[in-house]
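Chain Y: place on chain W using the hints.
Residue numbers (the working numbering), protein chains in the order written: chain W, 192 to 498; chain Y, 10 to 208.
Hints were generated in silico from the structure; no laboratory data involved.
Hints are all accurate, no fakes.
Beta-carbon label-pair distances, calculated as ranges: (1) W/E233 with Y/D23: 43 to 51 Å; (2) Y/E152 with W/A243: 33 to 41 Å; (3) Y/Q33 with W/E485: 49 to 57 Å; (4) Y/E152 with W/S423: 27 to 35 Å.
If you want the footprint, here are the derived chain Y segments under chain W, 3+ residues with CB under 8 Å: (5) 26-32; (6) 83-94; (7) 119-125.
From the three backbone atoms N, C-alpha and C, an ideal C-beta is built for every residue, glycine too.
One-letter residues, chain by chain:
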Amino acid sequence: MFRFKREQNVVNLAGVRMGGQPGELASVLCGTIFYQGHKIVEDEERGLFDRAAAERLVSRQGELSDETGCPSVLHIYARSSEAFSRYLDFTEKAWSGPFIIDSADPATRMAAAAMLSELGYADRAIYNSISLATDEAEARAIRDSEVDSAIILAYNPTQPGVDGSLAVLETGGQARERGLLDAARDMGINNMLIDPAVLPLGSGAGAALRFSVAAKARLGYPVGSGIHNAVSSWPWLAGKGAAAKRGCDAAAAAMQLLSAADFLLYGPIESAEIIFPAAAMADILIAEAVQDLEIAPSDAHPLHRLV
Amino acid sequence: MTEDDNKDRNLYTDPWPPVRGDYQVGDPRSAVAVVTLASSLFIKGCAIFGQCVTENLGLEKIVANVISNCNIRFLIICGLESKGHLPGNTLLALHKNGIDQKGRIVGSKGAIPFIQNLPPEAISRFQEQVELIDRIGLVDTMEIEALVARHKREPFPSEPFVVFKRKAPLRAISVGEADLALGAGVVMDASAWLVMEEV
Numbered sequence: 192m193f194r195f196k197r198e199q200n201v202v203n204l205a206g207v208r209m210g211g212q213p214g215e216l217a218s219v220l221c222g223t224i225f226y227q228g229h230k231i232v233e234d235e236e237r238g239l240f241d242r243a244a245a246e247r248l249v250s251r252q253g254e255l256s257d258e259t260g261c262p263s264v265l266h267i268y269a270r271s272s273e274a275f276s277r278y279l280d281f282t283e284k285a286w287s288g289p290f291i292i293d294s295a296d297p298a299t300r301m302a303a304a305a306m307l308s309e310l311g312y313a314d315r316a317i318y319n320s321i322s323l324a325t326d327e328a329e330a331r332a333i334r335d336s337e338v339d340s341a342i343i344l345a346y347n348p349t350q351p352g353v354d355g356s357l358a359v360l361e362t363g364g365q366a367r368e369r370g371l372l373d374a375a376r377d378m379g380i381n382n383m384l385i386d387p388a389v390l391p392l393g394s395g396a397g398a399a400l401r402f403s404v405a406a407k408a409r410l411g412y413p414v415g416s417g418i419h420n421a422v423s424s425w426p427w428l429a430g431k432g433a434a435a436k437r438g439c440d441a442a443a444a445a446m447q448l449l450s451a452a453d454f455l456l457y458g459p460i461e462s463a464e465i466i467f468p469a470a471a472m473a474d475i476l477i478a479e480a481v482q483d484l485e486i487a488p489s490d491a492h493p494l495h496r497l498v
Numbered sequence: 010m011t012e013d014d015n016k017d018r019n020l021y022t023d024p025w026p027p028v029r030g031d032y033q034v035g036d037p038r039s040a041v042a043v044v045t046l047a048s049s050l051f052i053k054g055c056a057i058f059g060q061c062v063t064e065n066l067g068l069e070k071i072v073a074n075v076i077s078n079c080n081i082r083f084l085i086i087c088g089l090e091s092k093g094h095l096p097g098n099t100l101l102a103l104h105k106n107g108i109d110q111k112g113r114i115v116g117s118k119g120a121i122p123f124i125q126n127l128p129p130e131a132i133s134r135f136q137e138q139v140e141l142i143d144r145i146g147l148v149d150t151m152e153i154e155a156l157v158a159r160h161k162r163e164p165f166p167s168e169p170f171v172v173f174k175r176k177a178p179l180r181a182i183s184v185g186e187a188d189l190a191l192g193a194g195v196v197m198d199a200s201a202w203l204v205m206e207e208v
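The following block holds chain W by itself, in its conformation from the complex (with noise of 0.2 Å):
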């Protein structure tokens, strides 16, 4: 394992931290509720959904989070801005952390910044995502609400690889006229999750991984990812059994842990009970790697809970 040399940037997002030196922090774990194909979801368009059962999820979720000692964040995916605003409703009184703000609708996702701002705890939110899609009409949108934390998603397209995302971060590369970070600032986000967009397996998944230890060395903003995305793509994998599955995504949880993650987006809430004990174990390991790199892991590090 290793330290990095430039310092690494902590952020405080409703009183969970993240980033800093490998070992240091636990790994912040984001489960997704409500997303396409969401069985406890009755309604995507307009935010039907089964709530007791979405309240055990989110509290399975806390719990696994208390007994490890690595923080969650919900991760709140909606089809339109009706959806959002009863999923808003709901995480209002289940949930009292940090969550993240997503849809593949960029109207969606603005509507939702909006909602936030008004309802008074946009510092609870992150806004998922800020990239190369992020138009004038969102880039203002974000700029008007009072939401100040993103996921800046490092996919170039036009350069494919390591330092094609490190270009769209920093001068936008062949893809834009300037970088991404430099965009999210004019927009106010001063929180700034670093995200290289996991593609599937085959396609360049692994880079990633490598992603994650240079943008942090580059850069030292929190790193993460939704390695997830690279399991659940797999057409191989699709025609095993369910063991084969979690197995491999908790090896891929841990794997991008170990290449110096700071958060995950780890796919659906169910899945907290297969990642929880990845991850912690993960960071056990990490934190015991670095104790003679004078990384000394936070109090409430799953190396002071679990062992």
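The following block gives chain Y in isolation, referenced to the frame of chain W:
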């Protein structure tokens, strides 16, 4: 697929389809391929059918698999559009307008509509070989299968087009300033991913 199916001349690659993805193969001699966008549908009678939810890598797979089979002359785009990504809209734009010098699909409303792994010749071939049938939103499998049955045409008069992934030229790695310390006098240059002894 048997050898006999492909014996008159090589109308499709062996194996076909050459690129893996979220699809199922029907009869490779059929003139029709079907992309069901975000809808999970089972379509009978076509050469290949499957979902596509992304406006970049997903499209590349479709193009690569279609142009490697000369029998395919029609591509039906149906099912519900994937919000934000808009692969259906992007597929239509790719076929109509192609890409610009940066690889951006001209006229697409999708989020990040770029082609990175296809040479321009593959896109030209896609434009020439297949006719797109825009039925975005259609999820009635019987109606889609009726469309499949209605569309027939002679194979494209050429060899199957095989897409090779572009390989970036190897570049020399230069050892720069170390970024990481592994202890015991060992350091790492994270950009080059080189572990070395501290000088």
